[in-house]
Every structure is written in C-alpha cells, then in structure tokens.
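Put together the whole structure using the sequences plus the hints.
Top line first, the protein sequences correspond to chains A and B. Just so you know, we're using the numbering used here here: the first sequence kicks off at 7 and counts up by one. Just so you know, we're using the numbering used here here: the second sequence kicks off at 7 and counts up by one.
Hints listed in this document are in silico derivations from the structure and should not be mistaken for laboratory results. It cannot be assumed that every hint is accurate.
[As the list claims (entries may be wrong)] Which bits of chain B does chain A cover? Going by a derived footprint, with three or more residues having C-beta under 8 Å, they are:
hint : segment
1    : 133 to 145
2    : 237 to 245
3    : 266 to 274
Where a beta carbon is used, it is the ideal one built from N, C-alpha and C, also for glycine.
2 protein chains.
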Amino acid sequence: MSFSSDLRPPEHQVAGHRASTEKLGPLVDGAGLFYKPLQAGDRGEHELAFYTAFSAHPAVSPRVRDAFFPRFYGTRLLPTPARPGGDPYPHIVLDDLLAGLPSPCVADVKIGACTWPPRSPDPYVTKCLAKDRETTSALLGFRVSGVRVAAAGQGGEVWRPDRSELKAMDAAGVRRVLRRYVSSCGGGGDGLDCALAAAVYGGEGGVLAQLRELKAWFEEQTLFHFYSASILLGYDANAASAPGGGGGGVRVKLVDFAHVDEGEGVIDHNFLGGLCSLIKFIGDIVAEASEKASSGPS
Amino acid sequence: MSFSSDLRPPEHQVAGHRASTEKLGPLVDGAGLFYKPLQAGDRGEHELAFYTAFSAHPAVSPRVRDAFFPRFYGTRLLPTPARPGGDPYPHIVLDDLLAGLPSPCVADVKIGACTWPPRSPDPYVTKCLAKDRETTSALLGFRVSGVRVAAAGQGGEVWRPDRSELKAMDAAGVRRVLRRYVSSCGGGGDGLDCALAAAVYGGEGGVLAQLRELKAWFEEQTLFHFYSASILLGYDANAASAPGGGGGGVRVKLVDFAHVDEGEGVIDHNFLGGLCSLIKFIGDIVAEASEKASSGPS
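This is the structure we're talking about:
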C-alpha cells in the first residue's frame, strides 16, 4: 500500500468499508486525525454539508459539540491506491475517536427504529425498511453495527463478530453484546461477568451519564434529524481494568451523517426514542452489576 | 334510535365511527360510563385482552393506571339498532373520559411515528406506512386524529375540523391546532391568543405536567408497546375560562388499544419518541404564553 506519509487504515475499525487497493475507506495518521473519504452519490456532499453547518452553528453549544461529536477540520485531497494512478480523492478530516486507546473496545450502535428520512424516495424507503425489520432497529430502536472487545493485557484476546452475525442478532443477542462489551473475559469464556460495567457504563463520566446528557439535548434540539447515524462507544481495556484506573477513557460520540435531515423546529423523536431504549438496556446492566457488587461474591 | 335505557352516542366524540342505525359506535350512559363496541376481526379481542391484562397487571402502579387510563369494567352485551333485530353486541365498558365536562374541549392525538407493530403482515405495514407518511406521524411522531374546541359561555362557538382537513394537516397546521385548543377565541376569529395555555397546558395539574409524568413511565416500562394508541386531552371551556377556575378539569388519557404489542423487556421507543415531540410542541406554547404574560400587554 502506498498511502502518503503515515496514513493507514484504522486498526480497530468496526463498521463501514475498509480501505484497500480496491476500495476507498477511512484512514488515520496516527497523530489523532481520521480521514473519511467522501461517500459516492450525494451522500458524501450531504455529510460534508452537515459537518460544515454543524461546526459553525450558533445554536449548538460548544459543550455538546465537543463532548459528542468528532471535531471537523475541513477536507483534504489524498492520493489513494484505490483510484487509478493514485488520483487524489477528497476526504473529510475529523478527530480520530479511538486515538489514545492502545487496547480499544469499540461499539458502533446505529440509532433509530427508522433509518430513512421521511421524504426519501420509495425504493430507498423499501430497502431501509426491510433492513430495519430484519435487524433489531424496528424492535429495539437501535442495532449494533459493529463491535470489538479486547481483553486486558498484552496480546489479550479480541472478540469481533462479523457483519452477518451482527445482522442476524435478536434482542437477546444485543443484550449479550452489551454485557460482553464490559465483561473482563472479553473474547474468551461464556460467563459474561460485566466486571467493567461500573467503571465503563456507570459513574460520573461513564457511558450512561454521557448518554443521559445527550438525551437531554435531543429533548430540546430541533435543528437536525440524525437518520441512520451511529453512536460510537469506546474505552481502553487495559486502563479500565487497572485498579483505580477510572473508566479507561470512555467516549460516546455521534458519527455517520450522510442522512441527516433538517429538523425544521421538530425534535428528532426517532433518534431520541432509540437513544432512550439504549439507555434502558445499559441502565439495566449497571443496576444488575451494582446489585451483584453490593450482595458480595456468592 | 332505540338504545336501551339512557344509552346514546357521545355528544362530543372527535374520532372513530359514530353509532347510528347503520354503524356500531361507542355509547355513553350519561352516568359516567362509556361503551365501546368490540371491533371487528381480531382487533376487538385484542383490545379486550389488553384491558384485561393491564387492569390486573401487578407491575403497573395504581397511580399510572388511575391517572392515565380509563377504568375498565369488563364487557356488556348491548342491543344495538345497527344489528339485525337489535341483536345484542359485546361492548367494552370503560370510564366516560369526558364525563363532568359540560363544555368539553377535546383532542385525540395518535402517538408514534410508526402505527404498526413490527411483526405485522406486509400489506398492513404498507397501508399504515403510507398513512404515516401522508399525515404528520412520520415527521412529528404524532398526528391529530380529532379535535373539538368550544368557546366559553352558553352556546359558545364550536370549532371541529373534519377528518379530511385533519389528514391534510402539516406541521404548521398541527402547531396551530395545539394553539387554538387553548385560545379563548375558540372557533371564531383568526388571532390565536393562547389565553388558556397557562391554565390548561401549564401549571401543576396541567397537560404538560401530566405528559411529563407519563413520559417518566414510558422511559422505564417494558410491558406494553402502544402502537396506534392515542392520547386524549380534555378540559372544560367554561371552567378553564372562569377567573381562578384552575385548569378546568384537565385530563390526559391513553385510549385505543387494538394494536398494543407485548413489550418483551424493551421500552416503547416509538410511543416515547412521539410523546417527547408532543411535549416539545406544548412546552413551546407554554413558554411563549408565559413570556407574553410577563412582558404585559403590548
């Protein structure tokens, strides 16, 4: 591969196309930046228009922008082996959301029972609707699009179900994935101990607290409707497992804005409903883990 | 018409079929009871099964049941002129939700962007989806299915848009209806003054406070999914307009349970999303009215 300077496909990407000599895909520079190739058709332009509007929008508080969205640095033309003669191709430049996590545990959760904007053309609606009904989107208000769980320790085992496994997942499967995401056994073993639930999901800076803050924003904001966007969860397996190590750099970020719609004064009830459902799933795991902890080892 | 005793079609019904010699429709007895004929097909059985399960469910708090649902009194066979020979027909017996309101203002708001349970057969999905996209359901997460606004005073004007007008309503139209619902001018005039917004929507026992309590329940409850159910709003025009008259018997009740699904441990993200959207609409009207009040007459 011949990417310029230190550019390379992100090692721990869990969803979307992977960059190769045949395909465009995201790149990272190892210094904290993420380069997302502009998607084909009008999706890429649409996503770029969103980042441009959002990053300068006076009605979006800096707190929400910094806490829940990757920072946007404009676009950059990058030569890519996936194009004839390595022709330069436009990329959206963003924060690398997994930077600083040597042993990242990642989950990409696509939010919303409905993944198509209301004014979409019929064939697109039909296609998305079928997928929303086949996966857990319609039933749960979200689906897990990608996940990577690393066990703590040098060369710790990694669990990373493939796309077909995730697509076929039912509600019970989703619950298991969200438990496994915070279980110390990581990829190995069947007993999901949720040993990291308090550190990663619970506590002040934990996933649950961050999701609730995000929810409060979605109860009020009427600027954008985030169809087919994902919440990316990340933390570091080693840091989270270290005694007194805190949450291990827990992060909760929105990504994938190719289908964002204007809000026109109405809240994003579709995203909000799915977000509340995810909060309930994760809240249940935290409550269960805290009960187990207070009753001591059995 | 020859209904037994004092049974008659409710005077202020805003949605659904109206009872006549040709059609089955709900009846009231004037003493506080409402008789809903069992719907055809499996809908009626389904609604009855819901009322039976819900009214005895140990996990539903009495507070939620009493505050937000009509009380269920079983079924009763009633002779009806809509059937050959006045044949008796089974009716679900419920509280008459508009009892005690001499001059009722009523709104029937169907909640949820999606009105079909996820496991519905394809033709039903197609039919509902088309209606959800044609009306404001998909866009707002709810649609107004019926409304009646009475002006205060003896023989006050009544505004009651017909079904086709409601079906064609866009987001701006819904906002106008929700303003008109609390405007003193009622049916007449064009200036929607929202004079009753503070009394009906605002305050301790007002619509907004009740909707927020309902929302807290929906954030936790995983027993039922209320597809195609409505929130019925009611208050009395005269009482609300009387000086120091309080909210005029404001009520917020769930109705229409022919498509309720089991929750299976998942929250009703579809209803919750729509409910949050309705809360935002109504909250905006309350905020605007309170700003106007504090800045005084202009």
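**Q.** Which numbered hints fail
**A.** 2
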